[in-house]
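S.K.: Read off the chains here:
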Amino acid sequence: MAIKDLPREECYIPGSAACPGCPATMAMRTVFKAIGKNMVMIVPACCTAVIESLHPNTSFDIPTMNIAFEAAAAGASGVEAGLRKQGKTDTTVVAWAGDGGTYDIGIQALSGALERQTNFIYICYNNEIYSNTGIQRSGATPYAAWTTTTVGGKTEFRKEMGEIIMSHHIPYAAQTCVSYPEDLYNKVKKAKSIKGSKYIEIMAPCPPGWRFGMERTVEMGTMAVETGAWALYEYENEVVTFNGKSKLILEGKIKRKPIEDWIKYQGRFRHLFIPKKDVEKIKAIENHIDQKWERYRKCYL
Amino acid sequence: MKKYKISTTISYPVKGAMGRTGNWRVFKPILDKEKCVKCLRCWIYCPEATIIRNNDDTVDIDFEYCKGCGICANVCKVKAIIMEREGKKK
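Note that the protein sequences, when read in sequence, are chains Y and D.
Residue 273 in our numbering sits at position 273 of the first sequence; the count goes up by one each step and never skips.
Residue 33 in our numbering sits at position 33 of the second sequence; the count goes up by one each step and never skips.
Looking at chain Y on its own, in the form it has when it is part of the complex (with noise of 0.2 Å):
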């Protein structure tokens, strides 16, 4: 699969409301690319309400609901309900949630959609902060992040979504990044292919939230997976594989990149480096990485 296969049709239409840059709609319009205009989407309270815009335009091409923040996968359920009674099973359900609407809100009504088998694909696009309402912690929001209510950085470290959705045993789980749209395409378009209740969580590194240059998320994204921060793997009838370039790291072939190498572009890591190098706070990053992958090699290689 290469670029130059994913299909033209175009169902995001120019002249939204997001920020210059946003990974957000640079993910649609992949994700609407896959999946195709029989779909409905669902929408809670995330940076996608917003730039869908406002009252009476609208700047996606495709049926969409928004609803309450915690009841993201509860509304798909019920839409996913009243199609079937009308015979269209043809129609694809997506729910699309932030990380705020999906690791700390959104989690109940999720797992009990994936424990109800409702056949839908409930995709997070995790920017790792409530980047909606202005840069608050999230579930999702790494060690030592500055955000607005984290001031001197946070102090937990993050928790792994992507094993706690494991542990519904779904018949497909995903985690991929907005820097490899062949990747995302692929997934997007497993997941539809499949009956059941499906998960694909996107890294999307946020401009603003993260504090870098609007013309670096793609490098961001690409970054987050080559010093080990993102991995990319599927989940599918309880076997692990990893993708890309996660591959060969959990495989040993490429050593990871240091994590500094990611961290220091971001103004939300900035009192790491100024006004004097907090060592310890990033050894203490770079040991949580490794024993992440320490893990992921004994369970999944």
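Simulated from the structure, these hints should not be mistaken for laboratory data.
Hints are supplied without guarantee of correctness; some may be wrong.
When the alpha-carbon atoms are kept at most 16 Å apart in a straight line, the in silico EDC-like pairs for lysine to aspartate or glutamate are as follows [stated by the list, open to error]:
| no. | chain 1 | residue 1 | chain 2 | residue 2 |
| --- | --- | --- | --- | --- |
| 1 | Y | Lys4 | D | Asp56 |
| 2 | D | Lys15 | Y | Glu10 |
| 3 | D | Lys77 | Y | Glu215 |
| 4 | D | Lys28 | Y | Glu280 |
| 5 | D | Lys79 | Y | Glu215 |
| 6 | D | Lys38 | Y | Asp5 |
| 7 | D | Lys77 | Y | Glu219 |
| 8 | Y | Lys4 | D | Glu64 |
| 9 | D | Lys15 | Y | Asp61 |
| 10 | Y | Lys154 | Y | Glu280 |
| 11 | Y | Lys298 | Y | Glu251 |
| 12 | Y | Lys190 | Y | Asp90 |
Among the chain Y residues that face chain D by a calculated CB cut under 8 Å, a handful are [to be verified]:
| no. | residue |
| --- | --- |
| 13 | Ala17 |
| 14 | Pro20 |
| 15 | Met26 |
| 16 | Arg29 |
| 17 | Thr58 |
| 18 | Asp61 |
| 19 | Pro181 |
| 20 | Thr217 |
| 21 | Val218 |
| 22 | Glu219 |
Please read all numbers here as calculations on a predicted model, not as lab measurements.
The beta carbon of each residue, even a glycine, is placed where N, CA and C say it ideally should be.
With chain Y's structure known, arrange chain D on it following the hints.
M.R.: Only chain D this time, still in chain Y's reference frame:
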């Protein structure tokens, strides 16, 4: 099945729902068609879908809605797109 009257607010898809977002631009992408190798990286990575893919896989830029983020210039491997300050005198 009983038909229900729609009693909720519905928005309809329109180009430029937030107006001409090209006004947000500070830096403008300049495309050099001679250098372009048709890899389409700018097209797939553009967050705003303002890079138009033509039938022969060449690209054009829709300046009416381009927000000038500079991702296209950053992902271009052959440097066929450069960013220039808006309204610069030649």
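S.K.: So which of those numbered hints doesn't the model satisfy?
M.R.: Violated hints (numbers, rising): 4 and 8; every other hint is consistent with the structure.
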